[in-house]
Amino acid sequence: MRLPDSVTGSFLVALGAAAAYGGWILPPVPGQPVGPNVFPLVIGTGLALCGLAIVFGIGHSFEEEEELVPLEDGQAAAPPPQGKLYGLRALLPPLLLLFYVVAADRLGFIITAAIMVYVTSTALGAKWKLALPLAALSPFAIHLIFGKLLRVPLPAGLLPTPW
Amino acid sequence: MLKTLLDAFALISTWEVIIAMFAASVYGLVIGSLPGLSATMATALLVPVTFYLSPIAAIATIVAASSMAIFSGDIPGALLRIPGTPASAAYADEAYAMTRKGQAELALGAGVWFSAVGGIAGVLSLMILAPPLAEIALSFSTFEYFWLALLGLMCATLVARSSPVKAIAGMFIGLLVSCIGIENPGGVPRFTFGLTDLFGGIEPIPALVGVFAVAQVMRAMLTPEPPPLPRRKFGSIMAGQWRLTKKYHWQMTRGNIVGIIIGVLPGAGADMAAWVSYAMSKRFSKEPEKFGTGHVEGLVEAGASNNASIASGWVPSLLFGIPGDTIAAIAIGVLYMKGLNPGPTLFTEKASSMYAIYLMFIIANIMMIPLGIAMIRVAAYILLAPRAAIMPVIMLCCAVGSFAIGNNMFGVVTVATFGVIGYVMEANGYPVAAMVLGIVMGTMVEQAFVTSLIKSDGSILPFFERPIAAILAAMAIGALLWPVMVWIWRKVKQPQAAAATSR
Numbered sequence: 001m002r003l004p005d006s007v008t009g010s011f012l013v014a015l016g017a018a019a020a021y022g023g024w025i026l027p028p029v030p031g032q033p034v035g036p037n038v039f040p041l042v043i044g045t046g047l048a049l050c051g052l053a054i055v056f057g058i059g060h061s062f063e064e065e066e067e068l069v070p071l072e073d074g075q076a077a078a079p080p081p082q083g084k085l086y087g088l089r090a091l092l093p094p095l096l097l098l099f100y101v102v103a104a105d106r107l108g109f110i111i112t113a114a115i116m117v118y119v120t121s122t123a124l125g126a127k128w129k130l131a132l133p134l135a136a137l138s139p140f141a142i143h144l145i146f147g148k149l150l151r152v153p154l155p156a157g158l159l160p161t162p163w
Numbered sequence: 001m002l003k004t005l006l007d008a009f010a011l012i013s014t015w016e017v018i019i020a021m022f023a024a025s026v027y028g029l030v031i032g033s034l035p036g037l038s039a040t041m042a043t044a045l046l047v048p049v050t051f052y053l054s055p056i057a058a059i060a061t062i063v064a065a066s067s068m069a070i071f072s073g074d075i076p077g078a079l080l081r082i083p084g085t086p087a088s089a090a091y092a093d094e095a096y097a098m099t100r101k102g103q104a105e106l107a108l109g110a111g112v113w114f115s116a117v118g119g120i121a122g123v124l125s126l127m128i129l130a131p132p133l134a135e136i137a138l139s140f141s142t143f144e145y146f147w148l149a150l151l152g153l154m155c156a157t158l159v160a161r162s163s164p165v166k167a168i169a170g171m172f173i174g175l176l177v178s179c180i181g182i183e184n185p186g187g188v189p190r191f192t193f194g195l196t197d198l199f200g201g202i203e204p205i206p207a208l209v210g211v212f213a214v215a216q217v218m219r220a221m222l223t224p225e226p227p228p229l230p231r232r233k234f235g236s237i238m239a240g241q242w243r244l245t246k247k248y249h250w251q252m253t254r255g256n257i258v259g260i261i262i263g264v265l266p267g268a269g270a271d272m273a274a275w276v277s278y279a280m281s282k283r284f285s286k287e288p289e290k291f292g293t294g295h296v297e298g299l300v301e302a303g304a305s306n307n308a309s310i311a312s313g314w315v316p317s318l319l320f321g322i323p324g325d326t327i328a329a330i331a332i333g334v335l336y337m338k339g340l341n342p343g344p345t346l347f348t349e350k351a352s353s354m355y356a357i358y359l360m361f362i363i364a365n366i367m368m369i370p371l372g373i374a375m376i377r378v379a380a381y382i383l384l385a386p387r388a389a390i391m392p393v394i395m396l397c398c399a400v401g402s403f404a405i406g407n408n409m410f411g412v413v414t415v416a417t418f419g420v421i422g423y424v425m426e427a428n429g430y431p432v433a434a435m436v437l438g439i440v441m442g443t444m445v446e447q448a449f450v451t452s453l454i455k456s457d458g459s460i461l462p463f464f465e466r467p468i469a470a471i472l473a474a475m476a477i478g479a480l481l482w483p484v485m486v487w488i489w490r491k492v493k494q495p496q497a498a499a500a501t502s503r
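Sequences listed follow chains A and B, in order.
For the first sequence, position 87 matches number 87 in the UniProt record's numbering, and the numbering has no gaps at all.
For the second sequence, position 97 matches number 97 in the UniProt record's numbering, and the numbering has no gaps at all.
Hints listed in this document are in silico derivations from the structure and should not be mistaken for laboratory results.
Cβ coordinates follow ideal geometry from the N, Cα and C atoms, glycine included.
Treat the hints with caution; some may be incorrect.
[Claimed, not checked] If the Cβ cut is set under 8 Å, some of the chain A residues that face chain B in the computed set are:
#1 Val-117
#2 Lys-129
#3 Leu-132
[What the hints assert, rightly or not] Derived coverage of chain A by chain B (criterion: at least 3 residues anywhere in the stretch with Cβ under 8 Å from a Cβ of chain B; other residues may be distant):
#4 5-17
#5 26-36
#6 51-57
#7 94-103
#8 134-146
Please take these sequences and the hints and turn them into a complete structure.
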């Protein structure tokens with residue numbers, strides 16, 4: 001997802017302009033010169049200016065290459081992309097969270113959570129020997145901590161917990 | 001004086017208080033170490049329990065849980081690069097880099113040791129410096145708050161290891177997110193696009209969980225499993241801490257003082273203290289180039305600072321009923337409920353209760369050392385588990401934790417959205433920490449800014465007229481112009497250097 005600075009910068013200019021415009025059209029407080037419109041106006045302008053600066057490459061010289069998690073030589077050389085769809089794997093976690101939102105109330109926490117754990121674990125390369133027990137046990141552990149001890153009302157759904 | 005102290009001892013040396021403190025400490029350590037559950041949330045979840053306790057035991061649980069949770073937020077930050085609390089977000093990268101270098105025990109040991117020292121320094125400030133400092137803070141008007149908040153935001157650009165322009169852009173995005181909702185000067189729905197779920201605004205905690213935890217899982221999906229860290233036992237956690245204390249005693253003292261000052265100021269708590277101290281540490285360090293590559297100096301100062309602010313955050317709460325931070329705000333509620341109404345009279349009429357609170361803070365911070373070491377030893381096993389086993393559980397914690405904040409599913413949607421935003425920002429060199437800071441402080445900045453504008457009737461001059469405001473303004477503008485000046489300086493210097501080499 002590494003985009004050129006000109007693309008992200010232009011996006012910020014657009015976002016800033018939209019925010020400033022959105023602030024501008026907000027109804028003012030009667031009899032008051034400043035209201036809810038001022039702050040978005042200032043923020044939007046600032047964001048647009050930052051975006052312009054990024055498009056023109058100002059401050060680029062300060063950037064340091066990410067070296068927090070240096071990969072070993074052998075793995076850095078290995079070609080990670082396997083087809084065009086490989087990059088879309090990154091979208092799996094947010095999609096699973098949305099699946100939780102949609103399904104949790106109907107299927108219940110335990111079943112939804114087990115599916116999430118199994119899919120995530122398999123996507124990260126786990127064999128079924130690890131993924132299956134993990135999917136079977138971790139929802140109960142989480143339910144014990146959050147549902148039982150912290151009293152978070154987790155949906156029971158089709159499969160209520162024994163406690 | 002001596003009799004009051006003895007009375008205070010008698011108050012806290014009951015089984016109820018001792019058990020309550022111990023249980024709350026373990027609870028705080030566990031909650032703080034779970035990514036996405038902040039120290040504030042740990043404290044808030046305790047309030048129903050305090051209904052059943054005596055006043056002193058009730059306050060004991062809050063004191064113990066909040067101190068422990070702020071420390072244990074460092075643990076997942078250091079081991080997984082997922083800060084457990086917003087306060088430890090400031091130096092999670094640094095601590096994680098130390099773990100990669102095989103110095104996890106030094107990083108976590110520094111966390112527990114300097115947190116305990118910082119906490120005790122905070123208590124001393126609560127006892128000695130409290131009244132005069134609180135008076136100064138009380139005389140602050142919105143102008144001072146505005147500049148103070150701006151200065152806090154500027155810290156984001158100093159902490160970041162990337163282009164300052166991108167850091168400022170990230171901060172603006174965060175401020176923009178904080179604009180969402182109806183909590184604005186006019187009370188009109190702003191940027192809600194007609195969605196009722198957005199009326200309440202974006203909570204900082206789901207946003208934080210999204211950009212740190214979910215984005216981390218997303219990155220894991222695309223990167224091959226990193227080579228396993230060398231399997232070796234954790235060395236002694238406390239070894240070397242005394243050497244660090246002697247080497248960095250000035251940084252530690254500065255962290256304590258900054259933490260105390262920030263804690264006393266209303267609205268600015270441990271989160272801001274950690275950010276400011278880490279930035280200061282980098283700025284004044286003799287070896288700033290080592291920051292971000294696993295250098296312990298910033299951890300010392302920020303760790304000393306955020307725990308100091310926890311104790312000093314109680315100063316305005318106890319004296320005037322103005323919370324120093326969100327945790328203190330919850331504590332005030334409990335104080336009222338238990339008949340210990342905050343106010344100057346608390347120091348005269350219920351002096352023994354006051355001393356009991358001081359003593360409990362000191363005991364909590366001493367208890368933190370053995371309990372913290374035990375917690376680190378347990379948590380270290382996370383390092384041995386394969387990534388495919390940890391990440392799914394983190395995903396579950398994200399979903400459930402974000403649901404628990406408001407008991408509605410919109411929190412989970414927020415987490416997913418901010419996961420994507422955080423992932424894209426990080427991949428393009430925009431520091432996400434700057435955005436988080438913007439979200440956390442946005443409402444306070446806007447309130448201070450708009451109220452000041454209304455008071456000054458559109459004029460800019462009153463922003464600089466008061467002496468403290470003028471000093472803070474000078475600092476904030478200096479921090480804003482710093483990257484510009486460095487850039488110009490480099491531009492001027494480069495041709496000269498080129499000319500010098502060609503000659």
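Is the interface hint for Leu-132 (chain A) satisfied, with its Cβ closer than 8 Å to some Cβ of chain B?
Leu-132 (chain A) check fails; min Cβ-Cβ to chain B is 12 Å, beyond 8 Å.
When I compare C-beta atoms, does the stretch 51-57 of chain A have three or more residues closer than 8 Å to chain B?
holds (count 3)
Verify this for me: three or more residues of the stretch 26-36 of chain A with a beta carbon less than 8 Å from a beta carbon of chain B.
Check passed, 9 qualifying residues.
Count the residues of the stretch 134-146 of chain A whose CB lies closer than 8 Å to any CB of chain B, then report whether that count reaches three.
That given contact holds, which follows from 6 residues of the stretch 134-146 of chain A lying within Cβ reach (below 8 Å) of chain B.
Next item in the hint list is Lys-129 (chain A). Is there a CB on chain B closer than 8 Å to its CB?
violated, 11 Å
Mind checking the CB of Val-117 (chain A) against every CB in chain B and telling me if the closest is under 8 Å?
Since chain B brings a Cβ to about 4 Å from Val-117 (chain A), closer than 8 Å, the hint holds.
Take the stretch 94-103 of chain A, compare each residue's beta carbon with every beta carbon of chain B, and decide whether three or more fall closer than 8 Å.
The restraint on the stretch 94-103 of chain A holds, since 7 of its residues have a Cβ under 8 Å from chain B and three suffice.
Annotated coverage of the stretch 5-17 of chain A by chain B, confirmed only when three residues or more have a Cβ within 8 Å:
holds (count 5)
Figure legend: structure checked against the earlier numbered hints; hints not met, in rising order: 2 and 3.
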